[in-house]
Amino acid sequence: MEFFVISMLNGLSYGLLLFMLSSGLTLIFSMMGVLNFAHASFYMLGAYFGYTLSGVLGFWPALVLAPVLTGAAGAVFESQVLRKVHKMGHVSELLVTFGLSYIVLELVQLIWGRVAVEFNPPAFLQGPMFTLINHSQQGLSLVSGEAGALCQAAEGVRVVCSPFPATRGFVMLTAMLMVVSLWWVLTKTRAGLIIQAALTHPQTVETLGHNVPRIFMLVFAMGTGLAGLAGVIGGFTFITEPAMAATVGSVVFVVVVVGGMGSLSGAFLASLLIGIVQTFAVAVDYSLMQLLADAGLVLSAHWQDNTMLKLSVSQVAPILPYLFLVLILIFRPRGLLGKRET
Amino acid sequence: MSQAHSLVLTNLRKQFGKTEIIRGVDLAVNAGERVAIIGPNGAGKSTLFNLISGRFAPSSGEIHLHGQRIDGLKPFEINRQGLSRSFQITNIFPKLSVFENLRCSVLWSLGHRYSFWSFLSRLKDANELANEWMQRIHLAHKSEVLAMNLTYAEQRALEIGITMAGGADVVLLDEPTAGMSKSETERFIELIKTVTRGKTLLTVEHDMGVVFGLADKIAVLVYGEIIAFDTPDAVRSNPRVQEAYLGSMEEQGH
Amino acid sequence: MPNNQANNDTLKLTLWLGFALVLMVVPWVFTSNLSMTMLSQMGIAIIACLSYNLLLGQGGMLSFGHAVYSGMGSYLTIHALNAVSQGNLHLPVTLLPLIGGLAGMAFAVLLGFVTTRKSGTAFSMITLGMAELVFAMSLMFSEFFGGEAGVSGNRVAGEVFLGINYGPQRQVYYLIAAYTFVCVALLYALTQTPLGRILNAVRDNPERVEFIGYNTQQVRYRAFIIAGFFAGIAGGLGALNFEIVTAEVVGPARSGAYLLFTFLGGATFFFGPILGGILMVLAFVLLSELTKAWLLYLGMIFLFMVVYAPGGFAGLIMMNVRVIKAGAFGRLRVTYAGLFAAALLMLAGASSLIEMIYHLQLNAAIGPVLNFAGMALDTSSSSTWISAALVLLLGLAFFEWVRRRFVTAWEQIQTELAQQTARKELA
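Protein chains in written order, with the numbering used here: chain A, 501 to 842; chain B, 8 to 261; chain C, 30 to 456.
Note that these hints are calculated values from the structure, not bench results.
Glycine residues also receive a C-beta, built at the ideal position from the N, C-alpha and C atoms.
One should not assume that every hint holds.
Partial selection, computed: residues in chain C whose CB lies under 10 Å from chain A [what the hints assert, rightly or not]:
1. 162
2. 166
3. 325
4. 334
5. 348
6. 352
Starting from the given sequences, assemble the full structure and let the hints guide the process.
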């Protein structure tokens, strides 16, 4: 039971992190038609900026400054490079962001090295936020922070302690705050309404006197800034290393396609789905072979050795997002909540 | 359904979100007829063409081509059944030469399909047909010129060529003379008349002079509905049409 | 004009014969072991990049996962090779790359069906997902993929034919050269067929193609399969060449390399990827020895080319050939020299900074002074850093200044050439 709750929460936090990334990506895509291949690179930049800044300025200034820096980098890239290829079509835009991802990776390796850096969470976020204790006699209970001595087993008593890391809780909190503020900005403020309009009718918005190129730059900066924020938080929650962009990047693209390209709600749904499923899968050590054994089927010696049957769910976990991708493409190519292509 | 009808639209409807653009269109076009579709801006003329040619699927209603149902089919399926269309915004293959543009448009109808085992230069039928069409649209002297380097009027001519070369017998032309000068328009209409001889033609047009000179019948589309479908003279004196256009035809001097 | 056509045909024939000649003669010119390895790899890279360009340059399909098909070709070929060595398969080694081709084709049929359901950006994302899928699977099925050590084989296997047992590298080179020639010829021939031409049309205007009777998805699917076939052949040759196949052959780095170098070579001309393949081997073998930051330089060159020279090196060459033919090259000589000088300045500044950073990171224990390009750079002194940065900025400013002049002169020439052509057409 506690396994289910903790895994669910972990999955939700991972899914919300994915959404922080995919929402920025979707915004940029909906607005400018550009799929920012380097989006995860900004995630990485945010983490590394956060790492360096928190060492110099402390946690909270770093949390604010790193996304701002990342967003600024995004703005510079958009205005100096991306804008120049806008007229050459989507392939060129993809190529340019692809090139950027190479460059950012190499620069990060140049400046911070090829090994993971120790980006630790601040003191107040270390350790568990709360712990679920399953006491064989006293039942289920919740303790804030560490459970410590309460986890000690005694004569004839079985105690299972499942901590929920504070960092993960922080991820969820930040992500939810971000979702709410994004929704508020887009729907309740004037700037947000202009952005929404420019999303579908950029020329009209321009004739109304708004500086559409500047809006594009702003949205790109917003999107990359969000990625940077996700990077700071993800950096100390998970790991900060040069490979982080590649690992997260491909999952984010899967999320965007599975959710339906251009759909924020689709990205939300897909992020949570993939985040939860993958988190559960990693923890499950069950395999087809065990399933067959539990069902009472006896296998011949030849089948006993079969690799595919021996594969446990946790071993298959890394490819689950891509399997999702294939399934969606076969059965519902427009994505979960995507609009039909005209 | 009479066999003489090439194209029949029955209670065709199309809505985008909550807005219904085409609101119950009924139209029956005879084989070999030339029909001009006119109407104020925003009436849904391009949408109608998009529905017929398969670019969009209708929300409800039926479309029959030569007696076969084609609504909901993909554009290439409809094209293979003998319907072809041109576009209001020139839609050619910019990086291919004039000759290549036309040759591409005849390949499927001549049965060459996805062949990668025969050389284009050896396909006598395709090359001859492409040459023939190049002559017809008066672009033979520019056969090797890349389509993006043609003048606007020449590109429109190429557009018609691509539309017709495949041998479709029901042709939809979406504002073929858009953006042309008066003299260019006159020459272009003559071209259209010649190449569409014997075909069923539907054309969206704004220029009333063109409409009255070219069409056997006129269909008037207003707010997604056909309010009149008759010979030019009958349409001209139709009070509903006059109301919709509020004297614009008088302005054109007819 | 029959005379022009005859001239064109003679030129083409000469080019093909010349190509064959070069392939045959080049190992006698570059005789070192390193050259032999590099030449062999170049042949493989040429086939791979040409197959990639079938998608990118000819079909307008940007794939981030082409290495899947060449990689699976490698794996199946090496397994087939081992089967030949064990006597389970009676096939001459010479034909084994075809097994690779069939493998690439089979996977393209399977994965391509789903991949080509979408076009444009979605297509690219799907290729990325597929590539990750296969790469992740390679870690799961270690019997087929060989786990961390990969799968090795011995290309001296089966029956010896005319004294050829593929032991010496030179024999492998000639096998690769033969396959390269045939593949290049076949891929060129494809561009002259209906499928090839319609593929170009799909690239330029997919919507219009539907309205001339073609199912664009089928066109792209078929092109995808053919590209997979040739990629598989390249993979198969690679397996024979290296006698070992590891998971990185299906990895994202290799797919990225195909993309990068095919584009750098030039996606808009047929011979561009040939150039790209050659550059790819030169970069991986030689450039990587020169500096640790070679991928960074590559990325920057790539970015620069996307913005300013989207036709790649082939495009640059062809554009200048046109200018040279018209006799207008002299007017550009000075600006080209200026561009070159500015680029050198930028390179000097940037590389100094980059090498100094690497020095700090990796060799700090040796001491603060770095010997680079004949200069002694003191990484502990701030004046070194500032002067390097200044050189870079100066180079950038100078480059931009010359570039604007270049663009003006270039456009002037282009307008004149266009007017000349227009006059000829009306005559």
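Hint by hint, here is what the structure shows:
Hint status for residue 162 (chain C): holds, given a least beta-carbon distance of 4 Å to chain A, under 10 Å. Here the hint on residue 166 (chain C) is kept, as its CB sits about 6 Å from the closest CB of chain A, short of 10 Å. Checking residue 325 (chain C) against chain A: minimum C-beta separation of about 4 Å stays under 10 Å; hint holds. With its C-beta approaching chain A no nearer than about 9 Å, residue 334 (chain C) sits inside the 10 Å limit, and its interface hint holds.
Among the interface hints, the one on residue 348 (chain C) is violated; its C-beta lies about 16 Å from the nearest C-beta in chain A, farther than the 10 Å criterion. Interface restraint check: residue 352 (chain C) against chain A, minimum CB-CB distance 22 Å, threshold 10 Å, status violated.
Of the numbered hints stated above, those contradicted by the structure are hints 5 and 6, listed in ascending order.
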